[in-house]
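Visitor: Protein chains in written order, with my numbering: chain D, 42 to 154; chain P, 473 to 695.
Possibly wrong hints are sitting among the right ones.
[Said to hold, decoys possible] Derived lysine to any residue pairs resembling SDA-like cross-links, with alpha carbons at most 20 Å apart:
(1) K483/P to T100/D
(2) K479/P to R64/D
(3) K478/P to P106/D
(4) K478/P to D123/D
(5) K489/P to T562/P
(6) K626/P to R122/D
(7) K483/P to A107/D
(8) K626/P to E44/D
(9) K479/P to R150/D
(10) K483/P to S133/D
(11) K626/P to E126/D
(12) K483/P to E126/D
(13) K489/P to V90/D
(14) K483/P to V59/D
(15) K626/P to P106/D
(16) K626/P to S133/D
(17) K588/P to K674/P
(18) K489/P to A572/P
(19) K479/P to T145/D
(20) K478/P to E56/D
(21) K478/P to T140/D
(22) K479/P to I103/D
(23) K483/P to E53/D
(24) K588/P to K483/P
(25) K489/P to V117/D
(26) K479/P to L101/D
(27) K674/P to K626/P
(28) K626/P to T140/D
(29) K626/P to V59/D
(30) K626/P to H135/D
(31) K478/P to S98/D
(32) K674/P to K489/P
(33) K479/P to V59/D
(34) K588/P to E689/P
(35) K623/P to V599/P
(36) K489/P to H69/D
Hints are computed from structural coordinates only; laboratory data are not their basis.
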Amino acid sequence: MHEFSIAENILETIETQVGPGTRLHEVHLIVGPLSGVSADALEFCFSEVAQTRGLGSPTLTIDQPAARVHCLECGVHYEGRDFYEGCPECGSLHREILTGHECTVDWVRVEED
Amino acid sequence: MSEGGKKVAVKSPVMLKNDAIAAENRRLLEGKGILTVNLIGSPGCGKTTLLEAMAKHFGEAMVAIEGDLQTRRDAERVEQAGCQAYQIETHGRCHLDAQAVAEALEHLDLSAGTCKLLVIENVGNLVCPSGYDLGEHLKIGVLSVPEGDDKVLKYPSLFSRVAVFLVGKIDLAPHLDFDAARAEAECRSLNPNVIGFRLSAKTGEGVAAFCRFLEGEQTARFG
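Could you put together the complete structure from these sequences and hints?
Guide: Structure follows, in structure tokens:
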């Protein structure tokens, strides 16, 4: 459970971009299935952490795209969320994972001056 | 749903600040020709026992940073095995971050030119440390035989990122139903370029081969 630290990292990233102390209305994230971040746990603590830092109590919305995977057996490209499952075409686990580690702040909605 | 306010594109990785500090750590260590590895595995998988065995191989050419929630026990063990060690106590945090390592580096004597290898033993955990770059050259994942051969695909955020996959406590394999080939194949399925070693820090099996691999990596990078 490291989502408290992740929440702090998110807010540091946002403050770097929009200026320290900017009050936030909404924060939109992109979280991949290999990021090691639990969206539920993050939603649970995020608003609290933002309030503690004096940034308001923003709503958190999270996009959770599947990972993009390339099958090294039959060459097909597919989307993966469950890494127990192999290629949908040939079943192979021989694969290259192209994306899925991302944890990115996409956009925010800030209080207008 | 909040509708008010001005929308601003950010498009920045959440780890931006951590990654910048990690890059600085890496630059500092590379300037001294030190290969740095980030050792990650469950509590009790044998990370510290492996470090003790490595300390006997490398002596003062190795330096360790130990991450734990509490106590200096691990640093004391590694020091007794013959190398310099610094303990980070995270007081509840389940992982190390680049800032904690930057502070630890200030406490270590890396000036002598004798140090070739820094081993950072992360907090025992298969999830939380995986996303934090500390400034290492290699992430090393440890899975020990008693944990079961099915764990790799249960913790893909870690095992998809490791450069080296260690199967530890291999001396227990005859007593337990652990299929090392399965665990290694599943790690390769997340990461086709991973390099594997099977070892036992207790009996010494495989430890020398692993240490020679690290020596080769250090030489290849820093001559």
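Visitor: Does each hint hold? Answer for all of them.
Guide: Hint check:
1. K483/P to T100/D: holds, 18 Å
2. K479/P to R64/D: Holds, at roughly 12 Å.
3. K478/P to P106/D: Violated, at about 25 Å.
4. K478/P to D123/D: violated, 36 Å
5. K489/P to T562/P: Satisfied, since the Cα-Cα distance of roughly 19 Å is no more than 20 Å.
6. K626/P to R122/D: holds, 12 Å
7. K483/P to A107/D: Cα-Cα ~18 Å, so holds.
8. K626/P to E44/D: holds, 19 Å
9. K479/P to R150/D: It holds: about 4 Å lies between the C-alpha atoms, which stays within 20 Å.
10. K483/P to S133/D: violated, 34 Å
11. K626/P to E126/D: Since the Cα atoms of K626/P and E126/D sit roughly 12 Å apart, the hinted pair holds (cutoff 20 Å).
12. K483/P to E126/D: violated, 30 Å
13. K489/P to V90/D: holds, 18 Å
14. K483/P to V59/D: With a Cα-Cα distance of about 12 Å, the restraint between K483/P and V59/D holds, given a limit of 20 Å.
15. K626/P to P106/D: Holds, at about 19 Å.
16. K626/P to S133/D: holds, 18 Å
17. K588/P to K674/P: Cα-Cα ~24 Å, so violated.
18. K489/P to A572/P: holds, 13 Å
19. K479/P to T145/D: Satisfied, since the Cα-Cα distance of roughly 16 Å is no more than 20 Å.
20. K478/P to E56/D: holds, 15 Å
21. K478/P to T140/D: violated, 30 Å
22. K479/P to I103/D: Holds - the C-alpha atoms of I103/D and K479/P are around 16 Å apart, at most 20 Å.
23. K483/P to E53/D: Distance ~13 Å between K483/P and E53/D Cα, so the pair holds.
24. K588/P to K483/P: violated, 38 Å
25. K489/P to V117/D: The hint is violated at about 36 Å.
26. K479/P to L101/D: Satisfied, since the Cα-Cα distance of roughly 14 Å is no more than 20 Å.
27. K674/P to K626/P: violated, 27 Å
28. K626/P to T140/D: holds, 18 Å
29. K626/P to V59/D: The hint is violated at about 37 Å.
30. K626/P to H135/D: Distance ~17 Å between K626/P and H135/D Cα, so the pair holds.
31. K478/P to S98/D: Status holds; Cα separation ~15 Å.
32. K674/P to K489/P: Judged against 20 Å, a Cα distance of about 39 Å means the pair is violated.
33. K479/P to V59/D: holds, 11 Å
34. K588/P to E689/P: Within the cut-off at roughly 10 Å; holds.
35. K623/P to V599/P: holds, 12 Å
36. K489/P to H69/D: holds, 19 Å
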